[in-house]
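Enquirer: Sequence:
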Amino acid sequence: MAQSSPTIYHYLDIGRLGRGEVVKLFLKDAGIEFTEVRYAYDDTWPQSSQKLQDQGITRTGQVPALEYKGHILTQHIPILRYLARDLNRYDGETNWEKYLVDAVADIYIDWRSEWVSNLMNKSDTYKEEHAPKYYKLIAKYYADTEGPYLLGDKITYVDFAVYQSIDNDRRTGTLVAELPQVLVRLQEAMEKRENVAEYIKESK
Numbered sequence: 001m002a003q004s005s006p007t008i009y010h011y012l013d014i015g016r017l018g019r020g021e022v023v024k025l026f027l028k029d030a031g032i033e034f035t036e037v038r039y040a041y042d043d044t045w046p047q048s049s050q051k052l053q054d055q056g057i058t059r060t061g062q063v064p065a066l067e068y069k070g071h072i073l074t075q076h077i078p079i080l081r082y083l084a085r086d087l088n089r090y091d092g093e094t095n096w097e098k099y100l101v102d103a104v105a106d107i108y109i110d111w112r113s114e115w116v117s118n119l120m121n122k123s124d125t126y127k128e129e130h131a132p133k134y135y136k137l138i139a140k141y142y143a144d145t146e147g148p149y150l151l152g153d154k155i156t157y158v159d160f161a162v163y164q165s166i167d168n169d170r171r172t173g174t175l176v177a178e179l180p181q182v183l184v185r186l187q188e189a190m191e192k193r194e195n196v197a198e199y200i201k202e203s204k
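Note that the numbering used here numbers the sequence shown so that position 143 is 143, with each residue one more than the last.
It should be emphasised that the hints constitute simulated quantities derived from the structure, not laboratory data.
Quick caveat, the model's predicted, so the values are computed rather than measured.
Quick reminder that beta carbons are idealized off the backbone N, C-alpha and C, glycines included.
Where hints are given, some of them may not hold.
[Said to hold, decoys possible] Restricting the straight-line Cα-Cα distance to at most 25 Å, the calculated cross-link-like pairs of lysine-lysine (PhoX-like) are:
(1) 136 x 192
(2) 136 x 122
(3) 69 x 51
(4) 98 x 133
(5) 192 x 140
(6) 140 x 154
(7) 192 x 154
(8) 154 x 98
(9) 154 x 201
(10) 140 x 127
(11) 98 x 136
(12) 122 x 133
(13) 136 x 154
(14) 98 x 140
[To be verified] So the derived label-pair ranges between C-beta atoms look like this:
(15) 171 x 129: 18 to 24 Å
(16) 6 x 89: 19 to 25 Å
(17) 140 x 51: 26 to 32 Å
(18) 47 x 129: 24 to 30 Å
(19) 202 x 5: 23 to 29 Å
(20) 202 x 103: 28 to 34 Å
(21) 44 x 181: 43 to 49 Å
Modelling step: build the complete structure from the supplied sequences, incorporating the hints.
Expert: Here's what the structure looks like:
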């Protein structure tokens, strides 16, 4: 019997700040074994990016990219959605639950755009306006259940993204002074998950 194709994860060598870290946390939590290929984010990256395009690993020239079961997946949130559907886990069960998960994912995507812009051109506007608005809005969704996850005690792919946003803001010194309690519970729950906790310990 032919062996299934290996899972290969392509991303930048930029530590815990990248959007690809969300995918990596998910893979770790799901127990999916993978080989990681990291690329230096320096003056060699344009050449690496072109090579990845030539190889068909990414059409946009950007990463993360995931080789998974004979397919190549790109864009971190669509990757998470695909994996959740393939595993039949990490997503809502009803149409309403799926809507909530996708809606919060879209809010996260908007946050990430602002966060990246601030990294490239630092200003007080992000910390004083954008970040507080984001956490206040996200907290409203998480407050609809007893938590700790968006859908209560059932973790979904968006919980990894929201957790990563908290971690990224903490690392860049742009986290709100008082994180809403529902998001504190999410953070604590994520960091207690066995595979996530092990990864965090290894990668600090």
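Enquirer: Check the structure against each numbered hint from earlier and tell me which ones fail, lowest number first.
Expert: Checked against the structure, the hints that fail are numbers 17, 18, while the rest are satisfied.
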